[in-house]
Amino acid sequence: MAEFAIVAAFLQASVRLGVPLALAALGETLSERAGVINIGLEGSIVAGALAGALGALATGSPALGVLCGAAAGGGVALIFALFVVLLSTDQIITGTAITLGGLGFTAVVYQSRFGVTGTALSLPTLDAWSVPLLSRLPLIGSAFFEQAPTAYLAYLAAPALWWLLFRTRWGLEIRAVGEDPDAAAAAGVSVRLLRVVTTVVAGAAAGVAGAHLALAHTGTFTEGMSAGKGFIAIAVVVLGRWNPPLVLLAALLFGAASALQFLMQTLGLDVGYQLFLAFPYLLTLAALAGWVGRARAPAALALPWPRDGG
Amino acid sequence: MTPRWWAAASAVGALVLTLLLAGLSLAVGGYDPIEAFGALLRGALGSPSAVLSITLVRTVPLLLTGLAVALAFRAGVWNIGAEGQLYAGAVAAVWVGLQVAAWPAWAAGSAVLLGAAIAGAAWAAVPALMKLRLGVGEVITTLLLNFVAIELSAWMVHGPLQEPRGVFPQTEAIAEVARLPIVVAGTRLHLGFVIAVGVALLLAAALHWTRVGFFVRAVGASNGAARVSGRVPVARVVLGVFLLSGALAGLAGGVEVSGVTFVLYEDLSPGHGYTAIAVALLAGLHPVGVVGTAVLFGVLEGGASAMQRDAGVPAAWVDAVQALVILSVLVMDRVARRGLERWREGRG
Numbered sequence: 001m002a003e004f005a006i007v008a009a010f011l012q013a014s015v016r017l018g019v020p021l022a023l024a025a026l027g028e029t030l031s032e033r034a035g036v037i038n039i040g041l042e043g044s045i046v047a048g049a050l051a052g053a054l055g056a057l058a059t060g061s062p063a064l065g066v067l068c069g070a071a072a073g074g075g076v077a078l079i080f081a082l083f084v085v086l087l088s089t090d091q092i093i094t095g096t097a098i099t100l101g102g103l104g105f106t107a108v109v110y111q112s113r114f115g116v117t118g119t120a121l122s123l124p125t126l127d128a129w130s131v132p133l134l135s136r137l138p139l140i141g142s143a144f145f146e147q148a149p150t151a152y153l154a155y156l157a158a159p160a161l162w163w164l165l166f167r168t169r170w171g172l173e174i175r176a177v178g179e180d181p182d183a184a185a186a187a188g189v190s191v192r193l194l195r196v197v198t199t200v201v202a203g204a205a206a207g208v209a210g211a212h213l214a215l216a217h218t219g220t221f222t223e224g225m226s227a228g229k230g231f232i233a234i235a236v237v238v239l240g241r242w243n244p245p246l247v248l249l250a251a252l253l254f255g256a257a258s259a260l261q262f263l264m265q266t267l268g269l270d271v272g273y274q275l276f277l278a279f280p281y282l283l284t285l286a287a288l289a290g291w292v293g294r295a296r297a298p299a300a301l302a303l304p305w306p307r308d309g310g
Numbered sequence: 001m002t003p004r005w006w007a008a009a010s011a012v013g014a015l016v017l018t019l020l021l022a023g024l025s026l027a028v029g030g031y032d033p034i035e036a037f038g039a040l041l042r043g044a045l046g047s048p049s050a051v052l053s054i055t056l057v058r059t060v061p062l063l064l065t066g067l068a069v070a071l072a073f074r075a076g077v078w079n080i081g082a083e084g085q086l087y088a089g090a091v092a093a094v095w096v097g098l099q100v101a102a103w104p105a106w107a108a109g110s111a112v113l114l115g116a117a118i119a120g121a122a123w124a125a126v127p128a129l130m131k132l133r134l135g136v137g138e139v140i141t142t143l144l145l146n147f148v149a150i151e152l153s154a155w156m157v158h159g160p161l162q163e164p165r166g167v168f169p170q171t172e173a174i175a176e177v178a179r180l181p182i183v184v185a186g187t188r189l190h191l192g193f194v195i196a197v198g199v200a201l202l203l204a205a206a207l208h209w210t211r212v213g214f215f216v217r218a219v220g221a222s223n224g225a226a227r228v229s230g231r232v233p234v235a236r237v238v239l240g241v242f243l244l245s246g247a248l249a250g251l252a253g254g255v256e257v258s259g260v261t262f263v264l265y266e267d268l269s270p271g272h273g274y275t276a277i278a279v280a281l282l283a284g285l286h287p288v289g290v291v292g293t294a295v296l297f298g299v300l301e302g303g304a305s306a307m308q309r310d311a312g313v314p315a316a317w318v319d320a321v322q323a324l325v326i327l328s329v330l331v332m333d334r335v336a337r338r339g340l341e342r343w344r345e346g347r348g
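If you're matching them up, the sequences are chains A and B in order. Residue numbering for the first sequence follows this note's numbering, starting at 1 and increasing by one per position. Residue numbering for the second sequence follows this note's numbering, starting at 1 and increasing by one per position.
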């Protein structure tokens, strides 16, 4: 019975840690399908976390906090989109700047409001919400169906995005823009508009992921609390082969990799926990090495359009 | 190609734009920009000891990592992993520095720096091979390895390399003989500064006057054309650039340990490897330019704490300014390129 509880707790932690990755990675899947890779996702996440925290503090409502987080994440991504789509700047360099700026400015705002040492914020949190019946399933019930509302958002977003991408006209246009923007433009699709819109939506999703970190996961904000999740999310998209349901699975797998440290502590294994903190990154690398060779990215990914830079 | 004077003008334009945006961000945050800039400059440049002991000491790791990034980007290698390579170098430097107590100083010092460079190169070899053998893009792999290196060094200072009493989360101090000598008596400016400037000049000369340097520039200008021409060994150039870039970033970690901290602890680098991207871009990826921009960023970082103390602006604002620098460079690059086209059309 003890083992049962340990496994259940491990699964619960896996989903909890996987949800922010899933939200950010699902959004990124959409923008990458349109040909935009946003290394600045980390900046949207941390901005979403701070805005989520401030919004929840100001309104007393964690749900409104999540909305603030989405707005902030989308706003940060809009800056990125204006640079790479309208100015045709390099996506990698621009994204790096957005991450640095996101981490820097959130730290400044936090410090100027709460002081350098930062008395730990205590935020109103998103309560876990039990799905009737499903949450009573043995083992997996509490893990999957007794989570913060943001988790259900991720579950629903995966099939919805799949349907959008592969069963609707919009989806066809988005994929066309990511594969062959010249042909899409010739067919009357507005390449720039679609790229800006998908990038901003992806940023908003990353902002929700950040708000989840602050409002569901920790109940507080700390500087740099995104802690590389934006970068893992980008790798998760590759592992999920730009296919939303697979991306969701990959994100949960990485949640499990991160949850291993708790499992080790529960089991009383005395291995440096820092090695377990490194584990998700190593797993990502191994997966990239073994799997990516066979996955195909959208052909126009990371390429500016029009090609001469306009 | 843009002429060199045009590139320089665009860099100056980017600097002016950064200053405006930075000042604006301070004003929006409710601070007095003039007071903040003044406090920053006084803290970084206000006295000879501030210049030598603070600003130029801060410049050294930024210069070496800046060169690492500039070299890689010149060849079209997106090495975003200077931070991790720096940590790999620092870990190796401490390990070597603990073994060489009985050696003569020149040998001990060289061994530490060599160990750091090799470790940095080894850390860069992983994404290099993944790119060349498996076709995995280096942007994600170098980024991921940064986090692995940081956790690895954290594990080292809590575990295998922790100081013998096991009280503090840091290593034992490296042997006296392994430490870099001070170059200006009475200050903290160490030999690492001279080494870093020397490396910059060497790199500039190699890039512009040697056959290998030509290959690097050819691959960077057009990977496809270089491959098709059949005269440039593209894969070997990419591998070599990746390893050398990692070695330079590793050296940055080694120089920090043997010149400044003498021990390894968690969070040794406040993101030097990322700042390096702004340093390299503002310099137009030119090694000599990197010396100038690294000093500029040394001033920013050196004055940050004085600015916090005297003007109340959080020191983290300096991190945010790096983003403004990169974005300004990107904007000015576009503006300059369009302006140049118009100017040429007008003449032609």
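Hints are not guaranteed to be accurate.
Not everything, but these chain A residues come out facing chain B in the computed CB check (under 7 Å) [stated by the list, open to error]:
(1) Leu87
(2) Ala107
(3) Gln111
(4) Leu288
Calculated directly from the structure, the hints in this document are not laboratory data. Glycine included, each C-beta is placed from N, C-alpha and C at the ideal position.
For each hint, the structure was consulted:
no., hint, verdict
1, Leu87, "5 Å, holds"
2, Ala107, "4 Å, holds"
3, Gln111, "4 Å, holds"
4, Leu288, "5 Å, holds"
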